[in-house]
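Chemist: Sequence:
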Amino acid sequence: MYITSNVLGGGTLSSNVLGEGTLSSNVLGGGTLSSNVLGEGTLSSNVLGGGTLSSNVLGGGTLSSNVLGEGTLSSNVLGEGTLSSNVLGEETLSSNVLGGETLSSNVLGGGTLSSNVLGGETLSSNVLGGETLSSNVLGEGTLSSNVLGEDTLSSNVLGGGTLSSNVLGEGTLSSNVLGEGTLSSNVLGGGTLSSNVLGEDTLSSNVLGEGTLSSNVLGEGTLSSNVLGEGTLSSNVLGEGTLSSNVLGEGTLSSNVLGEGTLSSNVLGEGTLSSNVLGEGTLSSNVLGEGTLSSNVLGGGTLSIILLGEKT
0 MYITSNVLGG GTLSSNVLGE GTLSSNVLGG GTLSSNVLGE GTLSSNVLGG GTLSSNVLGG
60 GTLSSNVLGE GTLSSNVLGE GTLSSNVLGE ETLSSNVLGG ETLSSNVLGG GTLSSNVLGG
120 ETLSSNVLGG ETLSSNVLGE GTLSSNVLGE DTLSSNVLGG GTLSSNVLGE GTLSSNVLGE
180 GTLSSNVLGG GTLSSNVLGE DTLSSNVLGE GTLSSNVLGE GTLSSNVLGE GTLSSNVLGE
240 GTLSSNVLGE GTLSSNVLGE GTLSSNVLGE GTLSSNVLGE GTLSSNVLGE GTLSSNVLGG
300 GTLSIILLGE KT
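Under numbering that gives the first Met the number 0, think of the first position of the sequence shown as 0, with each following residue one higher.
In case anyone wonders, no lab produced these hints; they're calculated from the structure. Quick caveat, the model's predicted, so the values are computed rather than measured. Yeah, the Cβ is synthetic: ideal placement off N, Cα and C, and Gly gets one too. Do not rely on the hints blindly, as some may be mistaken.
[Claimed, not checked] Simulated restraints on C-beta separations:
1) E79 to G299: 27 to 37 Å
2) V6 to S34: 32 to 42 Å
3) V6 to E169: 35 to 45 Å
4) S24 to V56: 35 to 45 Å
5) E139 to V6: 38 to 48 Å
6) E39 to N5: 18 to 28 Å
7) G278 to E139: 30 to 40 Å
8) E169 to V56: 30 to 40 Å
9) V56 to G278: 18 to 28 Å
10) G299 to E169: 12 to 22 Å
11) E169 to G8: 13 to 23 Å
12) G278 to E169: 56 to 66 Å
Start from the sequences, fold in the hints, and give me the full structure.
Modeler: In structure tokens:
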């Protein structure tokens with residue numbers, strides 16, 4: 000059946016059961032659209048003022064193109080459906096469960112996009128003002144192309160997915176866990192990229208203004224081609240990986256541990272390249288302006304072609 004084109008001032012549209020029906024194009028002032036059960040139906044194009052769109056169950060349906068003023072879009076369960084293109088003012092988009100679907104192209108003012116569970120899906124192209132994108136679980140999905148103002152992108156778990164092409168103002172990209180995924184091409188203003196765990200992945204081509212790239216753990220991955228203004232690249236652990244082709248303005252490249260990896264072709268302005276530990280790796284072709292190259296430990300590796308201006 001269809002529940003469509005209804006206008007409610009402060010009322011409630013809840014506890015309805017639809018097989019393959021449609022619950023769409025309704026207008027609620029400060030009301031509630033919750034606890035509805037749809038088989039393969041559609042819950043879309045609804046307008047809520049300060050209401051709540053929560054605790055709905057959709058089989059293979061669509062929860063998209065809804066507009067909420069100060070309301071909540073949370074605790075919904077979707078089988079293989081789509082949760083996308085929703086507009087939230089200062090609200091919350093959290094605690095949703097999606098099977099093989101998409102959580103993308105949502106716009107949040109000051110709200111929260113957190114604690115969502117996605118199977119093999121995509122969490123991408125979302126716009127958040129001053130909010131939080133955290134504590135999400137993705138199987139093999141993608142967490143990319145999100146825009147955060149001063150927010151936090153942290154504590155996310157990705158199986159073999161991608162965490163890339165995100166833009167953070169002064170926010171934090173930290174404490175994320177990636178299996179075989181990619182953490183690359185992110186842009187941070189003055190934020191922090193730290194305490195991330197990557198299996199065989201890549202942490203590369205990130206741009207940090209005054210931020211920190213530290214305390215990351217990579218198995219056989221790559222930490223390369225990052226650009227840091229006055230930031231810090233330190234206390235990272237790489238198994239057989241590569242720490243190379245990074246550009247630091249006045250920053251620090253120190254206290255990193257590499258097994259058989261390579262620490263080479265890095266450019267430091269007035270920074271420090273010190274207290275690094277390399278097993279059988281290579282420390283070569285680095286360029287330091289007025290910085291310091293000291294207290295590094297190499298097992299059977301190579302320390303060659305270092306260019307130092309007026310340093311130690």
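Chemist: Does each hint fit the structure? Answer for all of them.
Modeler: Hints and how they fare:
no. : hint                     : in the structure
1   : E79 to G299: 27 to 37 Å  : violated (53 Å)
2   : V6 to S34: 32 to 42 Å    : violated (20 Å)
3   : V6 to E169: 35 to 45 Å   : holds (42 Å)
4   : S24 to V56: 35 to 45 Å   : violated (20 Å)
5   : E139 to V6: 38 to 48 Å   : holds (42 Å)
6   : E39 to N5: 18 to 28 Å    : holds (21 Å)
7   : G278 to E139: 30 to 40 Å : holds (32 Å)
8   : E169 to V56: 30 to 40 Å  : holds (38 Å)
9   : V56 to G278: 18 to 28 Å  : violated (53 Å)
10  : G299 to E169: 12 to 22 Å : violated (43 Å)
11  : E169 to G8: 13 to 23 Å   : violated (41 Å)
12  : G278 to E169: 56 to 66 Å : violated (37 Å)
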